[in-house]
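K.L.:
Chain by chain, the residues:
There are 2 protein chains.
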Amino acid sequence: MYEVEVKVPADHDAVRDALAAAGAEEGATVEQADTYYDAPHRDFASTDEALRVRRVRTGDTEDARLTYKGPKVDTRSKTREEIETGVEDADDAGAILEALGFSPAATVRKRRTYFAVGEYAVVLDDVAGLGEYVEVEREVPAADVDDARDAAYELLETLGLDPADQIRTSYLGLLLE
Amino acid sequence: MYEVEVKVPADHDAVRDALAAAGAEEGATVEQADTYYDAPHRDFASTDEALRVRRVRTGDTEDARLTYKGPKVDTRSKTREEIETGVEDADDAGAILEALGFSPAATVRKRRTYFAVGEYAVVLDDVAGLGEYVEVEREVPAADVDDARDAAYELLETLGLDPADQIRTSYLGLLLE
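Protein chains in written order, with the numbering used here: chain E, 424 to 600; chain A, 424 to 600.
Since the hints were derived computationally from the structure, they do not count as laboratory data.
Take the hints with a grain of salt, since some may be wrong.
Copies of the same chain look alike in the list, so a pair counts if it works inside one copy or between any two.
[To be verified] In silico SDA-like pairs for lysine to any residue, Cα to Cα no more than 25 Å straight-line:
| id | residue 1 | residue 2 |
| --- | --- | --- |
| 1 | K495 | F525 |
| 2 | K533 | E507 |
| 3 | K495 | R477 |
| 4 | K533 | L598 |
| 5 | K495 | A451 |
| 6 | K495 | T481 |
| 7 | K533 | D567 |
| 8 | K533 | D548 |
| 9 | K495 | P463 |
| 10 | K533 | A565 |
| 11 | K495 | A518 |
| 12 | K533 | D434 |
| 13 | K495 | D515 |
| 14 | K495 | A522 |
| 15 | K533 | V546 |
| 16 | K495 | S526 |
| 17 | K533 | E511 |
| 18 | K533 | L597 |
| 19 | K533 | E454 |
| 20 | K495 | D514 |
| 21 | K495 | R532 |
| 22 | K495 | R439 |
Predicted, not measured: the structure shown is a model, and the values here were computed from it.
Given these sequences and hints, build the entire structure.
P.N.:
As structure tokens, then:
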């Protein structure tokens, strides 16, 4: 599966009004802390890959996930191959990576609220040190990437946002800039 | 914590009798399939490290764990630093490792039965392609490694086994020989 994901900077108050008008369903609000790792044998900045340990706090529950993101397969959106599994203990997962020679590069912290609009997730991100963003995302098979990306642009317009404002740089990249 | 682990080849029927006489408590029997990975940037055979995805089937339940084993810190036993975390999906964990350039080297399959004798776990392993082994193991802080290893040797003798038969080669190593 490929993740189609389009991100724009956006004032959350205005977007919340548009989401309500569009009949969007509000989901959970979570705190995410994403630690990205450098590899000992590849320059992820050149290969356009990423390796991440994500800690997610939802109310009193804390979950962790290990994620590999492959290079972008589409220059118009940020579509990548993504492989992910839950891990029991984020600290142990990080310690295994460090023992193998990977090193923590930076940690991105954000407060994220999910909305569902049809097949799409609309997420409102408040990113520490960066500000407010909206992402529209959906996982689809490779054959459906083009259609899903076009529909994501239409959804952004429905929410009063301009797809031309799309930012292809990751939060990690923006923080490191 | 360090894992003190002593392994000898042993006929399981005889050891089961000795365990019963020693008042050992029989625990679970599980099927384990351990896939070991080669690294793209280090020769684990030279560095004496290991990276493993373990699938464990207990009755109808399947669990998976990701484990890093550091070099042996003790030439007399097989003591190593071990870092481990449960993973939600063994296939996804393996796919992440492969995307990062690690490659599956071999898979060790065994049927393992646990017994508890005091602070020690005594495990009876029936390893596909290798035969029957007994391992005595315990996790201890670094300062207690010497004492724990001596006590493991004594326990082996109590079970009618000879510590001099100790095999320091891993099942993976034995299979690859």
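K.L.:
Take the hints in turn and mark each one as holding or not.
P.N.:
Verification of the supplied hints:
Taking identical chains as interchangeable, the C-alpha atoms of K495 and F525 lie at most 25 Å apart whether they share a chain (22 Å) or sit on different chains (21 Å). Taking the closest pair of Cα atoms, K533 and E507 come within 25 Å of each other only inside a single copy of the chain (19 Å); across copies the shortest separation is 27 Å, beyond that limit. Taking the closest pair of Cα atoms, K495 and R477 come within 25 Å of each other only inside a single copy of the chain (20 Å); across copies the shortest separation is 31 Å, beyond that limit. In this assembly of identical chains, the alpha carbons of K533 and L598 lie at most 25 Å apart only when taken from the same copy (12 Å versus 47 Å across copies).
Proximity of K495 and A451 under a CA criterion of 25 Å is satisfied in neither setting, with 28 Å inside one chain copy and 46 Å between copies. For a Cα distance limit of 25 Å, the shortest separation of K495 from T481 qualifies neither inside one copy, at 29 Å, nor across copies, at 40 Å. Taking the shortest alpha-carbon separations for K533 and D567, neither the intra-copy value of 30 Å nor the inter-copy value of 43 Å comes in at or below 25 Å. Taking the shortest alpha-carbon separations for K533 and D548, only the intra-copy value of 6 Å comes in at or below 25 Å, while the best inter-copy value is 47 Å.
Within a single copy, K495 and P463 get their C-alpha atoms as close as 21 Å, and across copies as close as 22 Å, so both meet the 25 Å cut-off. Taking identical chains as interchangeable, the C-alpha atoms of K533 and A565 are never at most 25 Å apart, the minima being 29 Å within one chain and 38 Å between chains. With identical chains, the CA atoms of K495 and A518 are at most 25 Å apart between copies only, with a shortest distance of 18 Å across copies and 28 Å within one. Taking the shortest alpha-carbon separations for K533 and D434, only the intra-copy value of 15 Å comes in at or below 25 Å, while the best inter-copy value is 57 Å.
For a Cα distance limit of 25 Å, the shortest separation of K495 from D515 across copies, 20 Å, qualifies, whereas the shortest one inside one copy, 29 Å, does not. Taking the shortest Cα distances, K495 and A522 sit within 25 Å of each other only across copies (14 Å), while inside one copy they are farther apart (28 Å). Taking CA atoms no more than 25 Å apart as the test, K533 paired with V546 passes inside one copy only; the shortest distance there is 11 Å, against 45 Å between copies. Taking identical chains as interchangeable, the C-alpha atoms of K495 and S526 lie at most 25 Å apart whether they share a chain (22 Å) or sit on different chains (23 Å).
For the identical chains of this complex, K533 and E511 are neighbours both inside a copy (21 Å) and across copies (24 Å), given an alpha-carbon limit of 25 Å. In the homo-oligomer, the alpha carbons of K533 and L597 lie at most 25 Å apart inside one protomer (13 Å), although the nearest pairing across protomers, at 48 Å, exceeds that limit. Proximity of K533 and E454 under a CA criterion of 25 Å is satisfied intra-copy only: 6 Å inside one chain copy versus 41 Å between copies. In this assembly of identical chains, K495 and D514 lie within 25 Å of each other by CA distance solely across copies; the values are 23 Å between and 28 Å within a copy.
When the C-alpha separation of K495 and R532 is checked against a cutoff of 25 Å, the pair qualifies only within one copy, where the shortest distance is 23 Å, while the shortest distance between copies is 37 Å. In this assembly of identical chains, K495 and R439 lie within 25 Å of each other by CA distance neither inside one copy nor across copies; the values are 29 Å within and 57 Å between.
Violated hints, listed in ascending order, are 5, 6, 7, 10, 22; each of the other numbered hints is respected by the structure.
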